[in-house]
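Undergrad: Fit chain B to the known structure of chain A by using the hints.
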Amino acid sequence: MEVITRNSSISMSLLRSKALESLSRIPLIGWLFGALIAVALEHILGISLALALGMPKIPVLFGFVIMLKKLVLIPSAMLYMLLIYILPIGAVARLSAPLANRLAAKLLRFPLWFSVAIHLGLLYAALHMWSGISDYRILMLKLTLIAIILTLSLNVINGYMGEFSCSHPGFMALGAYTASVFTVVLFVDDRLFGPALLPPILGLFIFPIALIVGGMVASLGALAVAIPSFRTRGDYLAIVSLAFMFIVKSAIENLEIVGGPRGLSSQPDWANLPTVFLWTIACIWIINNFVNSTLGKALNAVRDNEMAADAMTVNTRRTKIVAFLFAAFWAGVAGGLFAHVLRYVNPGTFGIQKLAEVLAMVYFGGLNSVYGSIVGAVGFNLMSEALRPLQIFKWILIPFLLILVMIFRPTGLIAFREFNVKNLLKPKLKPEEEV
Amino acid sequence: MPLLRIEKMTHYFGGLRAVHNYDLEIESGQVRGLIGPNGAGKTTVFDLITGIYRPTQGEIIFDGREIVGLKPHQIASMGLGRTFQNLLLWRYMTVLEHVKMACYSKISYGLIGAFFGTPRCHREEGENENKAYRLLEMMGVGDFADQVVPNLPYGAQRRVEMARALAIEPKILLLDEPTAGMNPEELIQMMEIIRRIHEELGLAIFLIEHRMRVVMELCEIIQTLVFGEVIARGTPEEIQNNPKVIDAYLGKEAVV
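Those sequence lines, one after another, are chains A and B.
One gets the numbering used here by counting positions in the first sequence from 1 and adding 1018 to each.
One gets the numbering used here by counting positions in the second sequence from 1 and adding 10 to each.
If you are wondering where the hints come from, they were derived from the structure by calculation, not from laboratory data.
Careful: at least some of the hints might be erroneous.
[As the list claims (entries may be wrong)] Each pair of labels, with its calculated beta carbon distance range: (1) A:Arg1336 <-> B:Leu211: 49 to 57 Å; (2) A:Phe1223 <-> B:Arg64: 50 to 58 Å; (3) B:Glu17 <-> A:Leu1442: 52 to 60 Å; (4) B:Asp153 <-> A:Asn1441: 19 to 27 Å; (5) B:Glu227 <-> A:Phe1434: 37 to 45 Å; (6) B:Arg64 <-> A:Leu1420: 43 to 51 Å; (7) A:Arg1336 <-> B:Asn96: 22 to 30 Å; (8) B:Tyr164 <-> A:Leu1089: 54 to 62 Å.
The C-beta atom is built at its ideal place from N, Cα and C for all residues, glycine as well.
Just chain B, same shape as in the assembly:
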């Protein structure tokens, strides 16, 4: 049974058909890629999976449970972590607080614990803090723990977002253009990090990417989305050589 299965998912924004008959299957530990030109509906697919929008039709089964209609935070607590294309970080919170925040659904001390600062509250906060430090070290941003995020360089902000997504202890990680706006050096580091997450934590990863080099190197199977419809799926080589893809997305001339 696949970890995440999507069947015939369709979504309309008013009269605009953003996604049409979208199918996907990801087993645990697999890496899947989603490419497509701007406005193809890639981020909408992510938003539909994570519950921000409710699909007009179709079903999404995650970890053996139908998740259409659940609230985003419920879906996330089931183990579906994501990052955002345009870095949704919290302006006035420190890096450490970001990662601790993602442990929200695991907190058991309750409101009374928070109000009176019970020993249990302190213990749990301490545990979460240690976990957060571990994740930040793993992402190589441990030194920034006490800084507020706007002070960080862009590449580091991306990694903080990644650490935050990992703190919810996901079974699958949805990465929305993890290398957008990065220079070549940061790009290589980010690819290294994604590979490490995949190998060390054994996570399934589903990523949207614009840079062909990244998807080609990381993903086993790639889907190409154009105007909300999957026009091709296959291994990186197959996709690279698929004339429809070249036509719609890579352009008619040289392939990167």
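Chain A on its own, in the form it takes in the complex:
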């Protein structure tokens, strides 16, 4: 009897490891195919399946919200997830694996950017169709993408450079207000700034400029923080940057020209999903390039031992200031996008709560890692939306999870991992097939 149970447990674990192995043979492009099929399926069958299972509408966030709101619906939500997402993605990915592997191998023969473009195209198509179901999904997706930019840029300072900066909401506010004023003055008939100066058709070309100008103003603000606080090491930056955040917030509150505490609204609706997606990809690409170059690695050298970095010809002061301005630039861009997604900003948004959120995303995801920032931003946003029905208890549960992460993985979930695009896209073959 014992032998049999042991045998069966062995065969179970064998089965499991075999299943895992067959899943690990699927290249990224295979998963993307699966995701695409799943979201297409949701478009066709989603609503009738949801109604048949007794749910009022398609569960917008993988069923989490429904499960927490109405406990009775837990089985239907899980069944929905299984039928619409898990099974189709798994089946398509598994079945298309040989084909996908061949395709991935073929794509690698082209220049890398081509392969990347195809993957990104598939990813965008899947996201576009997924978010097409409801406006809530579109908004959430945009805010998550913006959160990725914010997290990644703060990770440059707090992770790669190892300083502790608290001024990210301040930079974000500078970017948001600059970009908003830019677009509202030029393109909108507004009661604060008067009639539009340029025809809206130019907007598509001007909007990136508005974001870049916003980023640059944020960089200028960063310079004001950097010059006094990088003279010495230690906690000065944390204190100065925290002060900076409050200064920006109260300065905007007292500037009647941009609406003071009431905020600034009626930004043109240019931050659509493709725009936000492209900016996020550009941010990931540029920051990843930077941190992998020797100029970016100099940040790690400064963090791990500044004296050694100096002795090895690294201009440490310049390195720190440049990285700080660079990170602030991206925070400014994120702010500009944020303002145009919500089409309303007020200074209250950019306070201590925003700071806590960004810091949590960075430390939750993992320091010194592009993967980590993406995982942190997406994970934290999903969690925070999914737990919304818990209301006040959400703010007990999320910090608790953060504490657990800090105890068991002090540097975050995926820290110190390099983001290697080639490895990500390559076909996943059995070892003998590779020879």
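TA: Then chain B, alone, in the frame of chain A:
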């Protein structure tokens, strides 16, 4: 004209006189040693030369240029490489990245190149990588290239630091106790490496050392520093037989 000339260098830490009227001349290709008991100010001399501290008085002329007041990274880029007594390596960086980092001052692709990964950036990074591999092979630590440094045995860490110092293409190398904490076998290897650097690359070397055997074998001229003052200078034999040195440093009994 000597490669490195120091004249009447004096440094105070508050009221404490760490170095007093220190003089030194090193021509290119020479090997000089600095010995002295603990706390004599040897490492302070190195820190003064490399710009970590600014001497209270005196002048340091390196390669025909006054370097007092320059930033450490500027002095280093002029061709003054150093290693540290207590191994200042970067905790989360691989061995290869260590050596590539020391090519920092030679990078010409600029920030735009780094942000957008231009072809020029890739080419330069590739060149630096090849150079780094060559240096690591020369130091016999090529196999560790992709490891982070804390995984390496101690002797290998020392050699990585040496490879890193060589990557800045120095004219003179300052070695701060290169054999500290090594077992006899590693000691012999390290001495071999120092000799090779000196002979193959023709570098001037200035080293601080505690082990008499190393200085005696490697250096042509040795200075002895006690309480920040040079009490004797000369060939290894002269130093070994100098009663002041024996008194202050080697002790009154047997000489190693």
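Undergrad: Which of the listed hints are broken here?
TA: Per hint list: single violation, 1.
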